[in-house]
Amino acid sequence: DAKTTQPTSMDCAEGRAANLPCNHSTISGNEYVYWYRQIHSQGPQYIIHGLKNNETNEMASLIITEDRKSSTLILPHATLRDTAVYYCIVRALADYKLSFGAGTTVTVRA
Amino acid sequence: GAGVSQTPSNKVTEKGKYVELRCDPISGHTALYWYRQSLGQGPEFLIYFQGTGAADDSGLPNDRFFAVRPEGSVSTLKIQRTERGDSAVYLCASSLTGQGLDEQFFGPGTRLTVL
Numbered sequence: 001d002a003k004t005t006q007p008t009s010m011d012c013a014e015g016r017a018a019n020l021p022c023n024h025s026t027i028s029g030n031e032y033v034y035w036y037r038q039i040h041s042q043g044p045q046y047i048i049h050g051l052k053n054n055e056t057n058e059m060a061s062l063i064i065t066e067d068r069k070s071s072t073l074i075l076p077h078a079t080l081r082d083t084a085v086y087y088c089i090v091r092a093l094a095d096y097k098l099s100f101g102a103g104t105t106v107t108v109r110a
Numbered sequence: 111g112a113g114v115s116q117t118p119s120n121k122v123t124e125k126g127k128y129v130e131l132r133c134d135p136i137s138g139h140t141a142l143y144w145y146r147q148s149l150g151q152g153p154e155f156l157i158y159f160q161g162t163g164a165a166d167d168s169g170l171p172n173d174r175f176f177a178v179r180p181e182g183s184v185s186t187l188k189i190q191r192t193e194r195g196d197s198a199v200y201l202c203a204s205s206l207t208g209q210g211l212d213e214q215f216f217g218p219g220t221r222l223t224v225l
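Just so you know, the sequences run in chain order X and R.
Taking the working numbering, the leading residue of the first sequence gets 1, the next gets one more, and so forth.
Taking the working numbering, the leading residue of the second sequence gets 111, the next gets one more, and so forth.
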C-alpha cells in the first residue's frame, strides 16, 4: 500500500523553480519525508529529508505542511541536468529499507 | 572518493541459466542493500546485510534468489534457473551503519536481460 502520492510527470523551464508535490496523508509522528532522484541509467541519489521543519541544502528545499500530510520539494533554479524521476518516500527511524513508489518524472526544458 | 560499483553493467543470459551480480560498496560501510527495479517502476527492496549476515531477506521473490557477503564488504546476488520475469535492473546500495537515518548510496545497477 502506497504511503505517498505524487504526480506522474511534470515539465518545468530551465532556470525557473521546480515545485514537486507529494501527499502523505497517513504519515505517522515518527516518520520522516525523504526525497531521492534517479537520473536516467543511474542509481537513486539522496536529495533531502525532513521531519516537520522546512529544510534546505545545496540541492533543494523541502517544505512540509504544518499537519505533515503533504510536502513540496523545491529545486530553486532547475537545469537540464535536473531531469530525472523524483521519489518522495516516508521513512521511520527504524526503517533500513526504502520503499519507493513510481515517482514523478520531471523534464526540464530549455 | 569511490562510490558503489556494480559489475557487470549489463548481463544478457538465456532462460534457465545461472547468473551472479557483484556489488562493491563504499569502503567502511557496514550495511549493504539489494533492490530490483522493473521498467517504469521504482526500486523494490530485496535484501539487507549488516556486516556478513543477511539481516532481512524478506524481499527476495523466491528461493532461486540468494545473496552473500562473506567478508562484510563485496556482495554477490545469485539467481538460479533464470526466468524472463527476472529481467530488471538490480541496484546495490550501501550505508555507513544501517541504523537511524543512514543515507543510502546507490550504485549504477546491473541491467539483467533474460532471453
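FYI, nobody ran anything at the bench for these hints, they're computed from the structure.
Where a beta carbon is used, it is the ideal one built from N, C-alpha and C, also for glycine.
Incorrect hints may appear among the rest.
[What the hints assert, rightly or not] Not the full set, but computed from the structure, chain R residues with beta-carbon under 8 Å of chain X:
1. Tyr-128
2. Leu-149
3. Gly-152
4. Pro-153
5. Phe-155
6. Ser-197
7. Leu-206
8. Gly-208
9. Gly-210
10. Gly-219
11. Thr-223
[Unchecked claim] Each computed BS3-like pair below joins lysine-lysine, with the alpha-carbon atoms no more than 30 Å apart:
12. Lys-69(X) / Lys-52(X)
13. Lys-188(R) / Lys-127(R)
14. Lys-121(R) / Lys-69(X)
15. Lys-121(R) / Lys-188(R)
16. Lys-69(X) / Lys-97(X)
17. Lys-69(X) / Lys-125(R)
[Stated by the list, open to error] Quick list of simulated restraints, FRET-style, between CB atoms:
18. Asn-54(X) / Lys-125(R): 43 to 53 Å
19. Leu-51(X) / Thr-162(R): 31 to 41 Å
20. Ile-74(X) / Leu-206(R): 19 to 29 Å
Verification of the supplied hints:
1. Tyr-128: Violated - the Cβ of Tyr-128(R) stays beyond 8 Å from chain X, reaching only about 25 Å at its closest.
2. Leu-149: violated, 11 Å
3. Gly-152: Cβ of Gly-152(R) sits 3 Å from chain X, so the hint holds.
4. Pro-153: holds, 5 Å
5. Phe-155: holds, 4 Å
6. Ser-197: This interface hint is violated because 16 Å lies over the 8 Å limit.
7. Leu-206: At about 12 Å, which exceeds the 8 Å cut-off, the nearest Cβ of chain X leaves the hint on Leu-206(R) violated.
8. Gly-208: holds, 5 Å
9. Gly-210: Holds, about 6 Å.
10. Gly-219: Holds: closest Cβ of chain X sits about 6 Å from Gly-219(R), inside 8 Å.
11. Thr-223: violated, 15 Å
12. Lys-69(X) / Lys-52(X): This hinted pair holds, its Cα atoms lying about 10 Å apart.
13. Lys-188(R) / Lys-127(R): holds, 11 Å
14. Lys-121(R) / Lys-69(X): violated, 42 Å
15. Lys-121(R) / Lys-188(R): Cα-Cα ~13 Å, so holds.
16. Lys-69(X) / Lys-97(X): Holds, at about 22 Å.
17. Lys-69(X) / Lys-125(R): violated, 45 Å
18. Asn-54(X) / Lys-125(R): 43 to 53 Å: Check passed, 51 Å falls within 43 to 53 Å.
19. Leu-51(X) / Thr-162(R): 31 to 41 Å: Taking Cβ atoms as reference, Leu-51(X) and Thr-162(R) lie about 33 Å apart, which means the hint holds.
20. Ile-74(X) / Leu-206(R): 19 to 29 Å: holds, 28 Å
Hints 1, 2, 6, 7, 11, 14 and 17 from the list above are not met by this structure, while the remaining hints are.
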